[in-house]
Amino acid sequence: MDFSKLPAILTPDLGLLFWMLLAFAVIFFCLAKYGFPAITNMVEERKKYIDESLLKAHEASERLENIKQEGEAILQEARDRQAQILKEAAETRDAIVEQAQQKARAEGARLLEDARVAIDQEKKAAIADIRQQVAALSVGIAEKVLKQSLKDDKAQMDLIDRMLDDVSTDK
Amino acid sequence: MKQLKSICLLLMVAFLPLSLYANEQEEEKLDIPEIVLEHLADSYEWHIASYQGKHISIPLPIIIRSASDNPGQKWFFCTAHSLPEQFFFSKEHHGKIYERVGGEEVRPLDLSITRNVLQIWIVVALLLVVFLSCANWYKKHDEKSNAPGGFVGAVEMLVMMIHDDVIKSSIGEKHYKPYAPYLLTVFFFILFTNLVGLLPIFPGGANVTGNINITFFLAFCTFLAINLFGNKEYWKDIFWPDVPIFLKAIPVMPAIELFGVFTKPFALMIRLFANMMAGHAVILSFTCVIFLGWSMGVGYGLGLNLFSILMLLFMNALELLVAFVQAYVFTMLSAVFIGLAHQDHHAE
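These protein sequence lines map, in sequence, to chains S and D. Just so you know, we're using the numbering used here here: the first sequence kicks off at 12 and counts up by one. Just so you know, we're using the numbering used here here: the second sequence kicks off at 3 and counts up by one.
Hints may be right or wrong, so weigh each one.
[Claimed, not checked] To give an idea of the interface, some chain S residues facing chain D are shown, with a C-beta separation under 8 angstroms as derived from the structure: (1) M31; (2) Y45; (3) A49.
[Unchecked claim] Stretch by stretch, here's where chain S covers chain D in the computed footprint (C-beta under 8 angstroms, at least three residues): (4) 116-124; (5) 233-246; (6) 319-325.
Because the hints were derived from the structure by calculation, they are not lab data. Think of the CB as a built atom: it goes at the ideal place given N, C-alpha and C, for glycine as much as any other residue.
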């Protein structure tokens, strides 16, 4: 088959093939080594980086959520604790007041008792004193009376009668 | 107002050939198929324009190795104007260089930097500038910096679109890594060649991907990539597929499958070639319609001018799309075929 009778664009041409091979080898070598890998690798790396960043962002937001919850929990705990402390404080206060009152009451009672005892003692002392004085007085009077009136028998007898009457009526 | 301006521009372009028409009347008849084929073909110089019979073109180096047996000079470096005497541009062979050896016409080894070769190297330089400047950006940044914007960002988007949506999803997560640089290179090489080929003047315009040699080379690379690294499953599917035994005893299915091994890259080759060649041919034809119209008369000229301008606008826009689609399809089908050669065991 005579190719050279075909139209020019269909004719095999060794020179053109040779140069095409050379040119394509050059361009393939250069681009495959320096051109495309730079672009595709970078895009790959960028994709990886973005994925990682996204993952990190997710993690961070999760952690933030956790922290928020933790904070909430801590806050809640603090609030509970505060309430508890307040309650305890109130209880302690009440207890202290109660105790103080009791103490005061007891002290009061003791003081009252003391006072009563003292009063009793005073009273007793006073009564004893009065008794003594009355006794002395009555002895004195009796002496005087006796000294005055017991001059005669009659009078002595009257007196003795009276006294006897008194004693008997006293009985 | 804006519309008025563009209408004026359109009319100016439409009337432009009127002045040219006046002094080109004596030219011979237009042979449109010949013009189109000539523009589609490779050539030894880069033709830019012809004005009043003078051709403005960039001379390109011709490198040939003589096919004759005489022990004298073997290699020749020259341009189209200083071609040694034993060589000539053969009219029957699309203007390719032939050598006279003892009354016979022989094709010497021709490694000339032709228009297509130069175009390929321009594309190579363009690709190197684009991707190495981008790679430079990546060298200066690490993955923690912002994604690139502007030009680097656009390149990254395009690369990653092909890398992720075409290569990774067609070949599969497990095996795509070693093929990605090759397929990306193929995609960008085809895309840039197609786009540069759409430029009408010097740094572009050569019909590179519409030349069967180029698409043959690309398809052959894909053929190697498919078959050199195909796994056991792939070869078993070819020579011992899961079909009834009588289809294998007389090797009907293996024959068909083996045929399929070659038709796949062949289809790739023809698809890219035909699409790009046809696009160029249509654009060139519509351009020729302008000259054809003016050679028939002013009325035809004006009418066909408007018509072909509109069609050219449309075709160029369409070719932009086709340039991308063909690069995309070539890469995707290559990736799919490579993926088929790496299938894991069938889940029956």
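Consistency of the hints with the structure:
1. M31: 5 angstroms, holds
2. Y45: 5 angstroms, holds
3. A49: 4 angstroms, holds
4. 116-124: holds (count 5)
5. 233-246: Our answer is that it is violated, as 0 residues pass the Cβ test (under 8 angstroms) against chain S, missing three.
6. 319-325: It is violated, with 0 qualifying residues against the three required.
Checked against the numbered hints given earlier, this structure breaks hints 5, 6; the rest are met.
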